[in-house]
Every structure is written in C-alpha cells, then in structure tokens.
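**Student:** In order, the protein sequences belong to chains Y and S.
Positions 57 to 569 (our numbering) are the ones given, in order, by the first sequence.
Positions 56 to 379 (our numbering) are the ones given, in order, by the second sequence.
None of these hints come from the bench; they were simulated from the model.
Where hints are given, some of them may not hold.
[What the hints assert, rightly or not] To list a few chain Y residues with every Cβ distance to chain S over 12 Å, as calculated:
#, residue
1, G80
2, Q83
3, G117
4, A140
5, Q151
6, H169
7, P170
8, D207
9, Q303
10, E421
11, I446
12, G543
13, T555
[Stated by the list, open to error] A short, non-exhaustive set of chain Y residues, derived as facing chain S with CB atoms under 7 Å:
#, residue
14, H150
15, R157
16, G158
17, P330
The structure displayed is predicted, hence computed values, not measured ones.
Even for Gly, the Cβ is constructed at its ideal location relative to N, Cα and C.
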Amino acid sequence: MSGAAGRTGEAPVLHLEGLSRRFGQVQALDRVSLTLRGGEVHALMGENGAGKSTLIRLMAGLDRPDAGRMALDGAALPPGAPAAMRAAGLRFIHQELHAVRGLSVAENMHLDHPYPRRAGLVHWRALNRAAAEALARLGVTDLDVRRPMTDLGTGQQMIARIAATLIDDAGAGDRPAWLYVMDEPTAALTGEEAERLFEVIGGLTARGAGVLYVSHRMPEVLRLAQRVTVLRDGRHISTLPLAETGQERIIREMTGRDLSALFPERGPDPRGAPVLEARGLSAPGLHGIDVTLRSGEILGVAGLAGAGRGALLRALMGTLPRTGTVTLAGAPLGRTPAQAWRQGLAYIPRERRSEGLMLRRAITETVSLPHLARLSRAGLWLSPRRQREIAERLGRDVRLKAASVAQACEELSGGNQQKVLFARALAGRPRVLLLDEPTRGVDVGAKFDLYRLIRGLAAEGVAVLLASSDLPEVLGLADRVLILHEGRLAGERETAGMTEADLLAAIYGARAA
Amino acid sequence: MRAGLRRFGGLAGMVAIVLFFAVSLPDTFLTARNLLNVTQQVSMLAVVAATMTVVMVMGDFDLSVGSMASLAGVVAAMLFVAGWSIPAALAGALAVGLLGGLFNGVMVSLVGILPFVATLATLTVFSGAAFLISDGRTIFGRDIPEAFGAFARGGPQVATVDDRALLLPNLTLVALAVILVVWVVLEQTTYGRRLYAIGGNREAAVLAGVPVRALRLSAFAFTGVGAAVAGLMYASRVASANPTQGDGLMLTAIAAVFLGMTLTRDGQPRVLATMAGVLTLGVLDNGLTQMRVDSYLREVLVGAIILAAVGLSAMGRRGLRGRG
Ligand SMILES: Nc1ncnc2c1ncn2[C@@H]1O[C@H](COP(=O)(O)OP(=O)(O)OP(=O)(O)O)[C@@H](O)[C@H]1O
Ligand SMILES: [Mg+2]
C-alpha cells in the first residue's frame with residue numbers, strides 16, 4: 057500500500073519557495089510560496105491562466121522555475137528532474153487526458169514508473185495485476201486492463217489515470233507516495249465516478265497522505281478541502297483554512313469581483329417554433345431517438361457515462377454515421393460536418409485537444425477553420441486582418457486570456473483552450489449550438505459569462521443542445537432535459553422547479569427501469 | 056471484428072502469394088532448398104528492417120541505413136587491406152555503424168531536426184564517406200580474407216538432399232539473432248515499451264516524465280548498428296565491398312515495416328509483423344525471378360503490391376474510425 061506516510065511519526069512537508077516562471081510576455085508564476093503537508097486536502101484555486109498547472113508542472117519536474125526552490129522536510133529537491141520528484145513520493149494527475157495509442161490500459165497506467173520485471177524482462181502478469189488492483193481500489197473490477205486504452209471512454213480513461221497514481225511502486229530508498237497532485241481530475245467524470253474518487257481521497261488523507269487538488273467545481277472543493285490557496289495572475293493571493301472561508305470569498309479572491317449567483321437570471325420563456333427535428337435517429341451507441349429542438353430553447357441532455365450523450369451530438373453533427381431523418385428548419389440536415397457547419401450547426405466537442413483545437417497553430421486559425429468558405433471573399437481569399445478581428449472580438453466575448461490571438465493554442469491554459477472552442481462555435485452565427493461538456497475546465501467567473509452568452513444567444517432564437525455531466529449546469533441553464541439511457545430516450549422533463557436530487561433520481565431511475 | 060478481418064485480409068494476401076508461386080513453380084518453389092535460400096536472400100533486409108522498426112515505433116525514420124550498410128562494408132574491407140584481423144575489422148565497422156547511428160540520434164533529438172531531413176543528409180554524408188575511403192573502387196579478391204567470404208557460404212548442415220548437403224545459412228542465423236534481440240528489446244523491456252509510448256503519444260510520454268530525448272537518441276543507435284551488420288553480411292556474401300552495394304536496402308526495409316503494420320492491431324510497427332513483410336517481399340522477389348519476370352517489371356509489380364496492401368489497410372482503418 058502506498059500513502060503510508062506517517063511511518064516516521066511526523067507528516068512530511070513540502071515547501072515551495074518563491075517559484076517564478078515566465079513565458080515570453082506572460083509572467084505565469086510570480087514568486088509563489090506554498091507549504092504542503094500530509095494528511096490534508098489542499099485546494100488550489102484560480103481563474104483560467106492563473107498559473108495552477110504551471111506550478112504543478114514545476115513540482116513534477118517537467119519544467120524548471122526561473123527562480124525559487126523546492127524542499128522536502130528541509131532537503132532541497134533538484135529542479136527539472138521528474139524521477140527525483142517521484143522518488144520524493146509525489147504523484148501527479150495532469151490536467152489533460154493523455155492516452156497512448158497502441159498501449160494497453162495496464163501499460164498506460166505504468167507510463168511514469170518502471171514496469172514490474174522478472175530477470176530484467178517485463179513481467180506482464182505482475183504488470184496487469186498491479187493495474188487491476190489499483191483500479192479495484194476505485195471500484196472498477198470489470199475492466200480488462202489488457203484492452204487498448206484508446207478503446208475506453210473519457211471517463212474511464214480518467215479513472216485509469218487516477219488509479220495509476222495508486223500503484224505502489226516506490227523503489228528501494230524512495231519515499232512511499234505521500235502527496236497526490238490532481239489537476240482537475242473530475243472534469244471528465246460522471247457524478248458516480250467522482251464519488252469514488254472522493255472516497256479514495258478520504259482514504260488517502262486518513263492514512264496521512266496529502267492531496268493538492270485543483271478544480272473549478274466549487275461544491276467539490278468546499279466538500280473535500282481543509283485549506284485553500286488562491287492564485288491570481290501568477291501571484292499567490294491567500295492561503296486560508298476552508299472552514300473560515302466561504303464560497304463568496306474564494307470567488308472574490310480569484311476574480312477580484314463579486315459574483316452573487318452562479319447562473320444568470322432567466323428571462324421570459326424564449327421558446328419558439330421547432331428548428332431541429334430528429335426522428336428515429338440511430339448511430340453507433342444510439343437507438344431510435346426522437347428529439348425536437350425549438351428556437352430559443354436550451355435542451356439539456358443527461359445520463360450516465362455511456363448513455364449516448366456525446367453520440368447524440370456527434371450523430372447530428374455528422375461525425376458519426378447515422379440513420380433516421382433529421383431536419384433543420386424543415387430542410388434535411390447534411391450528413392457531413394462540413395455541411396452541418398454550413399447549415400448553421402456549431403459544435404463544441406468533448407475532447408478539446410483531439411477533436412477541436414489545432415494545437416500548434418494560432419488561435420485565429422482554429423476559430424475560423426469551419427467558417428473559411430463563408431468568411432472568405434469569393435470563397436477563396438480571407439484577409440488575415442479580418443480573420444484576426446473576428447478572433448479578437450469573439451475572444452473578448454468569451455473572456456479569453458491570451459497574449460494575442462496569434463498565440464498557439466497549446467500555450468494556453470486548459471480553460472482558455474476551451475474558450476477558443478467557444479469562440480469557434482460562435483464565429484459562424486449559429487442557428488443551433490451543440491455543446492458537449494462546454495465548460496469543462498472553465499473557471500467560475502468565466503463560466504458565468506459563458507452562461508450569460510448562451511442565454512443571450514437563446515434569447516435571440518438560437519437553439520441549444522447541452523450535454524453535460526455537471527448537473528447544476530444542466531438545471532441552471534436548460535429549459536427542458538432529455539434523459540438518455542444506454543442509447544435510448546428514457547425520459548423528457550421540464551426543468552422548472554426541478555432539483556438536483558430530482559434529476560439524479562431521473563437518471564438513476566432510467567437505469568432501474 | 057473489422058480489425059480482425061483487415062488483419063486476416065493481409066495474411067490471406069501473403070498466403071495467396073505463396074500459393075500462387077507454389078502452383079506456378081511446382082518443382083522448384085516449395086522445396087526446402089529454395090525456402091532456405093529465400094531466408095538467406097532476405098537476411099540482410101531482415102536485419103535492416105528489424106532495426107528500422109525500432110525507430111519507426113517512435114514515429115521516426117532512418118533514411119541513411121542503405122548508405123551506412125555500404126560504408127560499413129567498405130570500412131571493413133579497407134581495414135582488411137590495412138592488415139587488421141577479421142574480428143578487429145568487424146568491430147571497427149560496427150563501431151562506425153554505432154557512431155553514425157548516434158550521430159543521427161543527436162541530430163534528431165538534441166538538435167531537433169526532423170528525422171526525414173537529418174537522415175537524408177547523413178545518407179549523403181555516409182555515402183560520400185564510403186566513396187572517399189574506397190576511392191570509388193570495389194575491393195575484392197586477395198584483399199578480402201578467405202574466411203570472411205566463406206562465412207556467408209557456410210552454415211550448419213540440417214539434412215542431405217539428392218546427395219547434396221542442405222545448409223542452414225549462417226546469414227539466416229545472424230538475422231534470426233538480430234530479430235530476437237530486437238523483439239526482446241521492443242516487446243519485453245521497459246525501454247522498448249517507452250519507445251512505443253513516444254510513438255503513441257509524445258505529449259503523454261513527456262508528462263509522465265519519460266526521458267524522450269535520451270530514448271530517441273539511443274534508438275537511432277539500433278538502426279546504425281543494424282545497417283552496419285547488414286553491410287558486413289552483404290560484403291561477406293559477395294566477398295567484396297563497394298560504396299553502393301547497400302543502396303537498395305533502405306526503401307525495401309521501410310516498405311517491409313509498412314507491410315507489417317497492415318497486419319497489426321491498430322497499425323503499429325511490430326518486429327514480427329515486419330518480418331512477415333520481409334518474407335513477403337523476399338518470396339515475391341524469389342518467385343518472380345524464377346518465373347523469369349523482367350527485373351523492371353518485377354519492380355513495378357512489387358511496388359503495386361505494396362500500394363495495394365497498405366491502401367487496403369488504410370481503407371479498413373477508416374471504416375473502423377467511422378464506427379468509433
Ligand atoms: N508553454 C507555454 N508557452 C507560453 N505561455 C504559456 C505556456 N504554458 C503556460 N503559459 C501561460 O501561462 C499562464 C498560466 O497557465 P496555466 O496553464 O498555469 O493556467 P491554469 O491556472 O492551469 O489555468 P486553467 O484553469 O485554465 O487550467 C497562461 O497565461 C498561459 O497562457
Ligand atoms: Mg490548468
């Protein structure tokens with residue numbers, strides 16, 4: 057078992073002192089100091105681009121600070137040395153999902169530590185057993201760890217990443233794992249999966265291990281953490297016991313402004329005539345769905361993992377082959393993504409890095425890609441200036457934080473990458489917005505602005521299909537919600553007056569039925 | 056399902072090729088002697104393709120292997136001329152392969168030049184060096200020790216057929232040894248699995264703390280040494296060395312890896328699959344030669360078959376993704 061940290065009596069202490077890191081014009085971290093101990097959950101909060109992931113990358117030895125130092129129980133740790141940080145008992149779950157194509161689940165779970173060996177060669181049975189045992193601790197017992205990782209859904213991949221940190225592999229002379237650093241671990245999880253993670257976190261801290269926990273989901277933080285540190289623009293703002301700090305105070309320190317509600321007020325019911333109608337829609341993982349989406353309507357899509365939320369959007373968008381009839385304002389909807397974009401659908405995919413962004417290219421290019429034909433003169437020539445202006449205007453609308461719109465997407469913080477996709481979806485003045493986990497990794501303040509933006513679009517008549525595992529989000533935004541279960545429509549409810557418990561009951565009820 | 060079909064299709068194609076020659080050349084093709092002969096003919100290609108697989112699992116290429124093979128042969132021959140013993144000369148040639156490979160690795164991983172560009176440049180460098188040291192001549196005859204040429208002609212006897220000894224060629228044994236080493240390294244060591252991780256998702260490997268640069272650098276040593284081994288095998292077989300004799304190896308080796316990739320689950324390079332590709336190419340060459348197909352036509356046919364195999368597999372894969 058790992059996490060048995062209290063062995064020597066005192067809980068270990070990791071000191072980060074005056075860490076700074078600059079990228080070109082951006083001071084991503086500015087003399088940040090932090091003390092982390094075993095036995096508690098320490099939340100790290102901050103707006104998108106505040107420097108959280110940068111700090112974590114320094115702790116993991118993946119990047120070197122320009123100034124500052126790290127010390128474990130008083131002994132300095134070398135910068136830029138991943139192996140040394142592992143040996144110091146640190147374990148990491150980085151922000152983005154990274155599955156290695158072609159390797160099994162078990163192998164993917166052993167990416168950051170040596171494989172078990174026998175006579176110098178890989179001991180495959182021990183490898184698979186270690187992976188299966190770690191997964192079992194998260195309650196997953198029915199997963200064949202020899203399957204390719206990329207066959208798994210995003211939630212399960214995340215579970216496997218989390219489980220990987222629980223594999224006990226401390227080498228001789230290494231400290232047993234005692235500090236688990238998690239950068240938005242729940243962003244891709246369903247409520248049920250997240251619950252299991254929270255149980256494991258409880259178990260770890262009870263055994264004396266510490267957790268540094270990054271999340272933009274307030275309720276989680278309030279529930280898990282004993283202490284919270286807020287970063288803003290790369291600077292350390294405060295570290296306080298959570299008991300003395302309310303949600304309002306945290307948000308104020310993160311954003312520098314007051315946010316009384318998490319969701320914008322509802323106006324008069326904006327729903328109009330049907331815009332998008334699907335009859336008998338089937339696709340891989342989807343069986344005979346009937347949906348009617350009206351102009352101005354925000355229609356939520358809820359369900360357990362694998363219920364077909366994502367598949368529904370992808371089938372409409374044409375990235376999954378489909379059967380059945382789908383009409384947009386009476387006319388048949390095209391079957392390829394290119395046709396769908398042209399007819400006025402806009403899509404935010406769930407996997408921003410693999411399905412949406414051109415990581416190495418400028419923000420402007422991702423934003424305008426689906427709209428090139430319409431934006432350019434005679435379908436041929438799009439002036440770079442016009443392209444830049446569009447990206448800048450939309451970037452402001454979504455509160456994008458970037459050095460300039462010429463910056464490469466891969467240099468942006470996770471939440472800001474998500475906002476680039478929002479800008480892309482809005483660039484074509486869509487008639488229908490298909491959103492798959494649209495605010496994943498977006499900070500509270502920016503979320504509020506995005507919600508207001510979505511509401512505003514709906515008020516202008518845009519129809520929105522919102523698939524989300526964030527139940528408050530579904531309830532706070534949607535007028536009506538579809539419940540999916542194993543690819544079938546299991547229910548359809550107005551959200552007015554509905555509570556989170558009601559929605560959960562409906563989702564699980566669908567399973568029982 | 057579909058993946059199985061696709062892989063099965065590839066295998067079926069290879070079996071069909073063998074059957075075709077078996078029927079067309081009933082007396083000569085499916086004989087132990089001819090098949091052993093095929094293994095000897097492909098042994099150099101097998102060595103180069105196996106080590107090429109090592110860099111290709113990372114998504115890299117090494118275009119310099121052909122000229123490295125020539126260079127190694129020429130170096131060994133010149134060392135013979137200078138009076139070195141066989142083991143010393145072989146060690147010298149292998150050291151040149153190792154250094155050349157490491158040089159490629161430095162260019163690709165530390166300097167950061169695309170493998171295509173870096174190894175295209177070293178292809179020219181190695182080739183030029185081979186011409187320089189040999190003066191552009193073929194080194195043969197008395198300059199090459201008897202035992203060196205005899206090695207390729209020899210091998211343990213496995214049977215006697217028609218009063219003639221049937222030998223398991225030494226070159227085949229060398230190739231098998233190299234394949235075994237590469238298989239163990241790629242499939243059974245953490246090192247090899249890390250190379251696959253780099254090829255499968257470079258960023259994931261970086262985030263997991265995998266020392267990507269060091270691994271990429273070292274992997275190119277395999278292709279360098281493999282090419283040198285193949286060059287020595289070739290020189291032994293023809294008991295001579297000239298600065299162009301390895302030239303054909305590079306394209307064929309890459310083709311063999313690609314053919315192999317059509318056989319594997321999710322299209323990864325794997326060394327045993329590469330060997331299936333090598334054997335297919337070897338059988339094609341052997342059979343078409345026996346059928347007296349014109350050598351230019353043979354090249355056209357082989358190219359067309361590679362295109363067909365890789366193209367069909369790509370189409371199968373697209374079908375898969377559509378379902379995904
Ligand atoms: N490689 C890089 N090149 C240039 N700028 C970078 C690079 N990495 C990070 N940055 C910048 O550093 C700042 C901090 O980014 P970081 O990823 O740490 O934010 P974060 O707090 O994790 O945000 P999020 O909540 O969105 O994940 C951002 O402005 C980002 O654009
Ligand atoms: Mg981040």
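**Student:** Does each hint fit the structure? Answer for all of them.
**Tutor:** Evaluated hints:
| no. | hint | verdict |
| --- | --- | --- |
| 1 | G80 | 19 Å, holds |
| 2 | Q83 | 23 Å, holds |
| 3 | G117 | 7 Å, violated |
| 4 | A140 | 10 Å, violated |
| 5 | Q151 | 9 Å, violated |
| 6 | H169 | 9 Å, violated |
| 7 | P170 | 5 Å, violated |
| 8 | D207 | 9 Å, violated |
| 9 | Q303 | 31 Å, holds |
| 10 | E421 | 20 Å, holds |
| 11 | I446 | 29 Å, holds |
| 12 | G543 | 14 Å, holds |
| 13 | T555 | 36 Å, holds |
| 14 | H150 | 5 Å, holds |
| 15 | R157 | 4 Å, holds |
| 16 | G158 | 5 Å, holds |
| 17 | P330 | 29 Å, violated |
Of the numbered hints stated above, those contradicted by the structure are hints 3, 4, 5, 6, 7, 8 and 17, listed in ascending order.
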